[in-house]
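Participant: So the chains spell out like this:
Number of protein chains: 2
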Amino acid sequence: MNISLLCIGNELLAGKTLNTNASWIGKRLNGHGCNIGEHLVVPDKKKSITSGLDYLISHDPDCIIITGGLGPTSDDITRPTIFEYVGTDSKFDSEYWEHLSKKFKQFDMDIPDSNRNQALVPEKGEIIDNPIGSARGLKFHLNDRQILFVLPGVPSEMKAMVEASIIPWVRVNVNGSFYIKNLRTTGIPESALIEEISGPISSDHGCDIGYYPSILGVDIRLSSKDQTKLDELSSNIRSILSDKIYCDGTDDIEDIIVHEAIKKKKTISIAESCTGGLLGHRITNVPGSSKIFKGCHVVYSNQAKIDLLGVNHRTIDAYGAVSIKVAQEMAIKVKNIFSTDYGLSITGIAGPEGGTKEKPVGLIYIGLSDKNKTEIRKYKFSSNRANNKSKTSQVALDWLRHKLIND
Amino acid sequence: MNISLLCIGNELLAGKTLNTNASWIGKRLNGHGCNIGEHLVVPDKKKSITSGLDYLISHDPDCIIITGGLGPTSDDITRPTIFEYVGTDSKFDSEYWEHLSKKFKQFDMDIPDSNRNQALVPEKGEIIDNPIGSARGLKFHLNDRQILFVLPGVPSEMKAMVEASIIPWVRVNVNGSFYIKNLRTTGIPESALIEEISGPISSDHGCDIGYYPSILGVDIRLSSKDQTKLDELSSNIRSILSDKIYCDGTDDIEDIIVHEAIKKKKTISIAESCTGGLLGHRITNVPGSSKIFKGCHVVYSNQAKIDLLGVNHRTIDAYGAVSIKVAQEMAIKVKNIFSTDYGLSITGIAGPEGGTKEKPVGLIYIGLSDKNKTEIRKYKFSSNRANNKSKTSQVALDWLRHKLIND
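If you read the protein sequences in the order shown, they are chains F and X.
Quick note, the first sequence lines up with residues 6 to 412 if you use the numbering used here.
Quick note, the second sequence lines up with residues 6 to 412 if you use the numbering used here.
Hints may be right or wrong, so weigh each one.
The list makes no distinction among identical chains, and a pair is therefore deemed to hold if it is satisfied within one copy or across any two copies.
[As the list claims (entries may be wrong)] In silico DSS-like links for lysine-lysine, alpha-carbon gap of 27 Å or less:
no.: 1; residue 1: 108; residue 2: 230
no.: 2; residue 1: 129; residue 2: 230
no.: 3; residue 1: 21; residue 2: 164
no.: 4; residue 1: 164; residue 2: 32
no.: 5; residue 1: 230; residue 2: 51
no.: 6; residue 1: 129; residue 2: 96
no.: 7; residue 1: 110; residue 2: 296
For the record, the hints were derived by calculation from the structure and aren't laboratory data.
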């Protein structure tokens, strides 16, 4: 199925907003056997929207998806522009207006009159529910074959609506079956990964393979119309990469950890220094994490490490706060304080300041303690503070994942 | 000056590569008084490139910038396609070929024959130097007025060439200066914000205004060729929105907090429950935060609130963990434990589970304690866990910002 994308918004053209919507939609629909043929970004201007639509339609896609411009303000002109373009009158949905007004009341606010346009619905055409926001979407049949979807530009709302309304429609309308497998890896760079699996990927496997690297790891996406071939390639890759693959779906490492810990009735506590709360944040992003996550000490200063965790000040004096010994004490102490099965600790230098010749920016020690032993791992990342925090959280969580799975 | 952008590459359409080039070019040229009128992404296909160019040219921009498809591999077809489009023959640049061959030799490699196309230059048209890579760019006069630039898609090379060749050309060709002001707001929805500033924005102010909402707030971007008019509008908006504007540049709230706290020699500690470490994470994203941030307790369970913070178990029994009283005790206790000037506390129900009729998902209490008093604020957000965590962190940090500025 050929799909074209029309993103509406001055903020995209001015570079104020990175167009993550377009790449997300591309990736998501690609995974369902769709091909994004063209993708056009135009300003919030009636003439630009209509001429953009004309252009995209002239390339004969099966479906066009529009994002953006469904908000309540005067520069959100997508709704009336599309109503005119497809030739439909609109009516006011009083029931939805009531619903919106109530929502605002919950926040002790009167609903502004400008929100009224969000209650306008087309005479010809369908409404697409927005499960998390006030801007509902639209669906039109341009002719016998071509479909037009209109979605808001707010990423979380757009994504929820693609999942709930567009993917099911694509599933029904893509010819023939299409199978996908997503193997999420971490701890191995893309080039090394491709070298490791060069055997299976250079064989006559009959699948499409895509690599999607990010700072947290590389996702391998396999797709094929032949399920047997897909399973065979996937299992060949899996036998090589083994537990460098943490998931064959869409879960993050923190999801795996929380689910595994709940299953095995294990509890977790964390003492983090240079990551500043990022590990706790990631674990608590997972619904249900309160069952297994008992708490986290962000001990950002030496004194906090001593006073709150009970790290021995002599250890800090002798070895420094960023050291094997301190990581070790932190992991043991936090495990004991929260009475958990595992204690995870992090101490390091996130940068960009604070490094020395012996202990450069990017030096990180991670400790993991259970009832039997306490182990320490050492890493040396880059000079970029944000990247160091992200990478550290990923290797620490991946270690904990291994531990949980093998325990 | 009106500029259109044509990005060529299958990887952009499939969502494998996030189109950071487009937003970077948009931002960079916007800052020099250029307006990006449209931006089109097409696959590495001759027909798509030429019809895309036709479309963009029909909107009459002063300049078109193409990125991508100048590499040495067989799917890099931009160069021959453009030569044909503008109607020029090409010749082989032996001198550049020599230069490229030498470069490869430096890395002990023989230059592959496929690189020969990178030494092709047009008979009519100019070459743009690539200071850091092998793919040089192209510049053509489409007619008396319209200019076409062609650049490689590798971000570092594209950026170097925009800086070295396109920005200087823009400076000469944009008439007059161009001024920008960015006002970052939080705590007020876009529609309500626009209603509040309806006076100044509907006056004859002679500026362009853009609104850029996100889950954390709304940025207002003002631009004009007349600095006096820009300053006047900005100051009129500022007098209405007052301290709902947290920054008139690009800083986040956590940046403001850290800089203000360093300036005033104030220290901060945090006790967070449902945000799980996100506040600590945000504060520690700011380089230098260790000077003022003493630590954070992520007390995710009732027991941790009692054992680690010293919250009275009777308070929890009587009022529940998500209550004014517990938020109050948490703020006071964490301030005392870390001996800081401010103690910030958060307790709430992030969801999607855990809500009751009296205490629904999205209910949050925030406490802020200093040496004089402890105040509590109550919020009711949505049912979305990730959004609740983000919004809670933003209102809490914004409150702390107010406190710091007024202290």
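Participant: A separate judgement is required for each hint: does it hold in the structure or not?
Facilitator: Here's how the hints hold up against the structure:
1. 108 <-> 230: Answer is neither: 45 Å inside a copy and 41 Å across each miss the 27 Å cutoff.
2. 129 <-> 230: Intra 36 Å, inter 44 Å, cutoff 27 Å: neither.
3. 21 <-> 164: Both. Shortest intra-copy (20 Å) and inter-copy (17 Å) distances satisfy the 27 Å Cα cut-off.
4. 164 <-> 32: Answer is both: 12 Å inside a copy and 25 Å across each meet the 27 Å cutoff.
5. 230 <-> 51: between (40 Å within a copy, 25 Å between copies)
6. 129 <-> 96: within (10 Å within a copy, 57 Å between copies)
7. 110 <-> 296: Intra 33 Å, inter 42 Å, cutoff 27 Å: neither.
In terms of the numbered hints stated before, the structure departs from hints 1, 2 and 7, listed from lowest to highest.
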